[in-house]
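Same order as they appear, the protein sequences are chains A and B. Residue 197 in the numbering used here sits at position 197 of the first sequence, with consecutive numbering throughout. Residue 445 in the numbering used here sits at position 445 of the second sequence, with consecutive numbering throughout.
Keep in mind that the hints are not guaranteed to be accurate.
Said to hold, decoys possible - Chain B side only, calculated, beta carbon under 8 Å to chain A, not exhaustive:
(1) Gly50
(2) Gly51
(3) Glu52
(4) His396
Claimed, not checked - From chain B, some residues computed to sit far from chain A (all C-beta separations above 10 Å):
(5) His61
(6) Arg117
(7) His319
(8) Ala409
(9) Asp425
If you're looking for bench data, these hints aren't it; they were derived computationally from the structure. Since the structure is predicted, the reported quantities are computational estimates derived from the model, not experimental observations. We treat Cβ as the ideally placed atom computed from N, Cα and C, and that holds for glycine.
2 protein chains.
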Amino acid sequence: MERLLIIGGSDAGISAALAARHQDGRREVMMVLADDYPNFSICGLPFYLGGEVADWRHLAHRTRDEIARTGITVRTGVRAEGIDASRRRVEVRSLDGRRESLSYGQLLIATGAESLRPPIAGIDQPGVFLLHSMEDGFAIAQYLQAVRPAAAVIIGAGYIGLELAEAFSRQKMAVTLIEQTEAVLPTIDPDLGRRLEGYLREQGVTVASGTRVEAIEGDSDGLLWVSGSGDFRVQGGIVVVVTGVRPATGLARTAGASLGMRGAIVVDRTMATGVPNIWAAGDCVETWHRLLARPAYLPLGTTAHKQGRVAGINAAGGHAVFAGSVGSQVVKVFDWAVSRTGLRDGEGREGGFNPLTVTLTVPDHKAYYPGSHALTVALTGDRETGLLLGAQMMGHWQGHGAKRIDIVATALYHRMKVAELTDLDLSYTPPFSSPWDPVQMAADAWVAESAKPSASLPV
Amino acid sequence: MERLLIIGGSDAGISAALAARHQDGRREVMMVLADDYPNFSICGLPFYLGGEVADWRHLAHRTRDEIARTGITVRTGVRAEGIDASRRRVEVRSLDGRRESLSYGQLLIATGAESLRPPIAGIDQPGVFLLHSMEDGFAIAQYLQAVRPAAAVIIGAGYIGLELAEAFSRQKMAVTLIEQTEAVLPTIDPDLGRRLEGYLREQGVTVASGTRVEAIEGDSDGLLWVSGSGDFRVQGGIVVVVTGVRPATGLARTAGASLGMRGAIVVDRTMATGVPNIWAAGDCVETWHRLLARPAYLPLGTTAHKQGRVAGINAAGGHAVFAGSVGSQVVKVFDWAVSRTGLRDGEGREGGFNPLTVTLTVPDHKAYYPGSHALTVALTGDRETGLLLGAQMMGHWQGHGAKRIDIVATALYHRMKVAELTDLDLSYTPPFSSPWDPVQMAADAWVAESAKPSASLPV
């Protein structure tokens with residue numbers, strides 16, 4: 001049988017491998033990965049560092065044995081260095097330096113992403129870390145154990161930065177969280193981001209948004225001084241830089257694959273690269289955006305799994321098409337859940353829409369029943385067509401914002417209009433909702449606002 | 001202006017009144033109701049009886065003042081006794097016996113439902129209660145206060161019965177819950193119902209399912225003895241009978257409206273009764289089932305609100321169509337949420353489908369993150385077409401089952417196939433979900449099961 005060779009052992013790789021074996025049980029599937037951690041949940045690393053996950057081994061989605069039982073051959077510590085697409089071979093090098101040439105019938109590039117390394121002077125000194133791989137996580141854990149810093153500085157307040165702020169707070173460190181844009185979590189609107197900053201401060205986190213870090217300097221006491229725009233200066237015993245990722249495409253280039261948005265590999269919706277017999281999926285590729293109807297760069301585990309599955313089915317002779325992402329994400333920040341899906345105003349405008357966003361804060365369930373929390377729902381729709389474009393939600397995690405966002409994600413999949421949301425037969429009992437769910441209250445508010453004459457003026 | 005007269009002050013009535021005023025701000029809207037509690041959340045009564053809601057006034061969705069400010073005229077303590085459709089008049093009687101004839105331009109019948117009164121000997125004696133109206137709730141509360149019974153017997157283990165079992169347990173009573181069908185909560189599958197029984201027993205509730213109550217007898221100690229099939233016999237200081245409701249249609253009959261399924265008023269999807277200028281909505285009408293594409297009887301607050309809104313818009317000269325129910329419901333039982341939407345096997349079969357239900361129990365979020373709970377998802381689909389038919393979910397309420405069911409409800413609205421569910425871009429972070437949400441895991445399990453040769457045999 002023609003071998004399916006998979007480069008990369010994370011979400012896209014394992015999903016592809018499993019799907020290919022499911023599609024064709026006799027297909028040889030070999031997965032090679034540079035590190036020693038196939039099928040690990042790297043999104044769990046902040047929880048390992050926070051102590052909520054006691055043993056890093058628990059981060060494995062599947063054990064080596066479980067993977068082996070599926071009939072997939074896994075080779076760890078093997079770095080792919082070049083692809084000869086015409087001869088269908090991949091040049092690899094083991095940790096001990098041994099080189100080898102692996103043949104393939106079908107090849108999947110699932111090399112993922114790598115940390116952005118912003119131009120900060122002193123970023124390479126001891127005590128300063130990036131966080132993307134299991135090894136990055138171990139390095140931080142070992143450093144914390146050895147140095148026991150009293151204070152931590154986190155550069156970048158995206159999902160990982162926020163999770164780290166909580167993790168380090170749990171480890172009794174004083175935490176400073178620095179964000180270059182005007183508010184934390186730039187994937188939500190700044191007014192929501194500022195509310196989140198208020199909440200972070202209540203939790204004891206020092207937040208410095210609108211701050212560009214320029215340098216990190218160590219002093220003789222072993223402290224690291226982080227300085228930046230506007231005389232900003234703060235110290236900590238550890239600095240973690242989590243300012244995003246970029247696609248890891250060095251290998252794909254050797255095969256002649258085209259690169260597109262943000263340097264990610266261009267693929268069609270079957271996850272084909274255009275180079276014969278070479279597929280790609282996950283954080284290294286462009287992602288079809290279902291609402292924009294064009295590619296975007298959306299490196300996410302959920303998307304990587306879906307793309308990997310599509311690639312695996314197709315590489316094994318089946319037929320699957322990636323349905324596209326709508327940009328759903330959620331992060332837990334202390335006791336809050338902050339979620340989003342679809343397009344925000346700016347994103348919608350870039351996509352040719354005329355967006356209106358209406359924000360409403362309501363109880364997550366009937367206020368007369370104990371334990372109700374304020375849930376903020378920002379709903380975005382297109383003024384001209386009434387089309388639902390997206391939503392953002394924020395509030396205590398027990399207010400179900402993490403899954404209420406999925407009502408909207410499912411609605412977006414089907415291109416619903418905002419006004420139609422009130423037709424949905426959503427479940428209700430006083431402890432969990434209201435007769436009109438908060439999503440529907442927000443829809444009503446949006447419809448009312450969009451009917452105002454001023455709202456229909458172009459912006 | 002032509003008056004919109006609304007008979008009934010609960011969910012359908014108030015929604016219609018608000019929608020009519022919104023549609024046409026000059027329209028006279030008068031609402032008459034037999035009791036004194038317009039726009040109250042009667043679904044909150046068990047929580048009032050359980051002590052979680054300290055003051056019954058908090059059960060008002062809106063205060064009388066808030067309603068008045070919308071321009072709606074509310075007349076309480078006014079019982080409608082007859083409709084003369086040809087003269088467009090409603091005969092009403094006030095509490096003091098005074099009769100009056102109210103004219104209307106458009107009329108909405110929103111008389112709701114009334115408790116079923118099963119043929120149990122002794123059901124009318126003191127200490128035995130029904131529970132549907134605010135007055136029912138007050139009567140029970142006063143009795144509990146006066147008698148302070150040590151034990152309670154609940155006849156009927158539907159939503160209200162389950163909520164009462166929790167409420168009375170909170171009030172330190174020993175609770176026996178009796179259900180005539182084979183397991184509690186007959187709106188979910190019996191195997192799930194039996195698991196719920198196990199949980200209820202863990203909470204100290206005595207459960208007697210498969211038991212038909214025949215008689216209630218008082219003894220000289222003031223105890224009520226409830227006896228039934230198979231030598232069943234149990235005592236309590238209070239007995240509450242909550243075996244369901246039937247549409248309250250006495251008034252509609254005087255107008256010549258047609259009655260259909262389970263005696264409910266026949267309406268079209270504009271909520272018109274067919275009698276000129278008379279609309280009907282809420283628990284007194286048949287409900288259009290979106291999946292069955294035929295009427296059903298589904299008395300629920302969510303549905304009543306939606307139907308009321310449609311009726312109000314149309315009665316005020318607008319154009320709205322009821323999109324239909326998919327049968328979404330959720331109940332909190334102690335710390336569990338039990339939810340359902342769509343069709344179960346039997347319901348699907350009656351609807352002409354060839355249903356297959358696959359049940360899966362998985363962690364609600366990544367098991368490595370603290371606080372994960374087992375979530376049971378039963379997914380039903382049509383073997384022939386792969387169409388999604390419904391879902392049932394059960395587990396700790398923090399596992400988001402109350403809103404995960406709404407992902408399925410939204411999918412049902414759009415007639416998705418089961419296999420398509422895995423294409424949905426649902427949000428993920430380890431504390432709240434898995435890269436494939438439990439809904440998607442269940443979809444995969446269903447697809448695998450439906451592909452087995454045996455599963456395609458007709459049943």
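Of all the hints numbered above, which does this structure not satisfy? Sort the numbers upward. Structure breaks hints 1, 2, 4, 5, 8, 9.
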